[in-house]
Amino acid sequence: GDSVTQMEGPVTLSEEAFLTINCTYTATGYPSLFWYVQYPGEGLQLLLKATKADDKGSNKGFEATYRKETTSFHLEKGSVQVSDSAVYFCALLNYGGSQGNLIFGKGTKLSVKP
Amino acid sequence: GAVVSQHPSWVICKSGTSVKIECRSLDFQATTMFWYRQFPKQSLMLMATSNEGSKATYEQGVEKDKFLINHASLTLSTLTVTSAHPEDSSFYICSAPHGQGRFEAFFGQGTRLTVV
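Protein chains in written order, with my numbering: chain A, 170 to 283; chain B, 233 to 348.
The following block holds chain B by itself, in its conformation from the complex (with noise of 0.2 Å):
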């Protein structure tokens, strides 16, 4: 199947400053990926849908000036946490739709973001 490479794995970072995380993926084009956050022992929730040429679309609740994102490339999309809090801690992951239809998504490896 499809490849989605995220990176870094995982981070820890003082408060106060920014955290980039990529997502790339590998072996196709991707116009459209999505960044999902994942609280301990909850589901993951979607923040944003990352479109490739254009500006992200974020669900509600999330603030877009703390959570930018950049679609850069059909290949690669960053998400960068500014001003990092110790709240925003937690495990993010990007996946990428991709096949027929569309229909089936592929998911990076996820990145654990500890802020100290």
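If we strip away everything but chain A, and leave its shape as in the complex, we get (with noise of 0.2 Å):
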């Protein structure tokens, strides 16, 4: 079945470094991708989307690049902020048959310190 993999974290940078988080996936057919995250205490939210191959969602300094030859959707920032701080979720959601429902990677903590 379909599927997410993405880096275990914790992941801990110092503000302004730069930040990648791998995610590859696994799917039949074309599915969309998405990043979402949770900060400590709230519910996700998404973060930014690519539905096709060669995509590029980008979203508060954060992008990623839907990459069908490696099936990758990796998530960068050229500079983190000590608000980045928080759960990222890398996620796909595979048209056949589905009504919105996301399959998850395990998430990635990550800590920016000052």
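Don't read these hints as lab results, they were simulated from the structure. If you're wondering where the values come from, they're calculated on a predicted model, not measured in any experiment. Fair warning: there could be bad hints in the mix.
[Claimed, not checked] Some chain A residues well away from chain B (every beta-carbon gap over 12 Å; in silico):
| id | residue |
| --- | --- |
| 1 | 195 |
| 2 | 223 |
| 3 | 232 |
| 4 | 234 |
| 5 | 251 |
| 6 | 279 |
| 7 | 281 |
[Said to hold, decoys possible] The calculated DSSO-like cross-link candidates involving lysine-lysine, where the alpha carbons are at most 30 Å apart (straight line), are:
| id | chain 1 | residue 1 | chain 2 | residue 2 |
| --- | --- | --- | --- | --- |
| 8 | B | 298 | B | 246 |
| 9 | A | 278 | A | 221 |
| 10 | A | 275 | A | 225 |
| 11 | A | 278 | A | 225 |
| 12 | B | 252 | A | 275 |
| 13 | B | 298 | A | 275 |
| 14 | A | 278 | A | 237 |
| 15 | A | 246 | A | 282 |
| 16 | B | 296 | A | 275 |
| 17 | A | 275 | B | 287 |
| 18 | A | 275 | A | 229 |
| 19 | A | 278 | A | 218 |
Glycine residues also receive a C-beta, built at the ideal position from the N, C-alpha and C atoms.
Make one complex out of these two single chains by using the hints.
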């Protein structure tokens, strides 16, 4: 079945460091890919998305490119801030029969130190 | 974006009692809602799909008699953990798809359940 694998954390960075969180997926067909973020004590929020190969999703300085050839959707940010500390989830949605059910990776906790 | 509200955000209950968790879509109608469970350091696992006006669809391995789901209206789904046991302690989170193509899911804040 479909699955998502993302790098395990926690990831600890200093402010203004470069961030990469790896995400790869296994799916039949052409899924849509998402990154969700969960700030401490809050629910999940959509960070960015890409619906087809080579699409680049971007938001709040974060970017991820849908790479079908490598089945990847790595999250990057050039300069992280303390306020970016959160848990990040990579997810996919496969349209075949789906009504919005997402398959998640395990999540990667990011801690940014001042 | 659309708002999904989940209540309570945390609850502590005694073994053997039942706990109800509510999930509301505040500014849109949701004919479908999803209930997930998140174990510590684990991903979110889909438990069931809640369908307005019909029975919920449970994922394999999820006890439907233990995790009762009711989708009473187009804006409310409830999850009741019946006869709770300590192993039911977990983080439960709901979501509802909304938007063009319904490919975006909006999440509630989650409920931390602790059974003592």
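Would the least Cβ to Cβ distance between residue 281 (chain A) and chain B come out above 12 Å?
-> At roughly 20 Å from the nearest Cβ of chain B, residue 281 (chain A) sits farther out than 12 Å, so the non-interface label holds.
Verify that the Cβ of residue 223 (chain A) lies farther than 12 Å from every Cβ atom of chain B, and report whether the claim holds or is violated.
-> holds, 18 Å
30 Å limit on alpha-carbon distance, applied to hinted pair residue 275 (chain A) and residue 229 (chain A) | holds, 22 Å
Could you grab the alpha-carbon distance between residue 296 (chain B) and residue 275 (chain A) and see if it respects the 30 Å cut-off?
-> Measuring from Cα to Cα gives roughly 25 Å; hence the hint holds.
Taking only the CA atoms, is the gap from residue 298 (chain B) to residue 275 (chain A) under or equal to 30 Å?
-> Given pair residue 298 (chain B), residue 275 (chain A) holds - Cα atoms ~25 Å apart, limit 30 Å.
Keeping to a limit of 30 Å between CA atoms, is the pair of residue 275 (chain A) and residue 287 (chain B) held or broken?
-> Holds, at roughly 29 Å.
Beyond 12 Å from every chain B Cβ - status for residue 279 (chain A) = Given that every Cβ of chain B is farther than 12 Å from that of residue 279 (chain A), nearest at about 15 Å, it holds.
Regarding the pair residue 278 (chain A) and residue 221 (chain A), is the alpha-carbon distance no greater than 30 Å?
-> Given pair residue 278 (chain A), residue 221 (chain A) holds - Cα atoms ~27 Å apart, limit 30 Å.
Say whether it holds or is violated: residue 232 (chain A) keeps its Cβ farther than 12 Å from all Cβ of chain B.
-> Non-interface label on residue 232 (chain A) holds, nearest chain B Cβ at 18 Å vs cutoff 12 Å.
Over 12 Å to the closest beta carbon of chain B is the bar; see if residue 234 (chain A) clears it.
-> holds, 18 Å
Within a Cα-Cα threshold of 30 Å, do residue 278 (chain A) and residue 218 (chain A) meet the stated pairing?
-> Distance of about 19 Å is within 30 Å: holds.
Quickly compare the C-alpha distance for residue 278 (chain A) and residue 225 (chain A) to 30 Å and report which way the hint goes.
-> holds, 23 Å
Every hint from the earlier list agrees with this structure, and none is contradicted.
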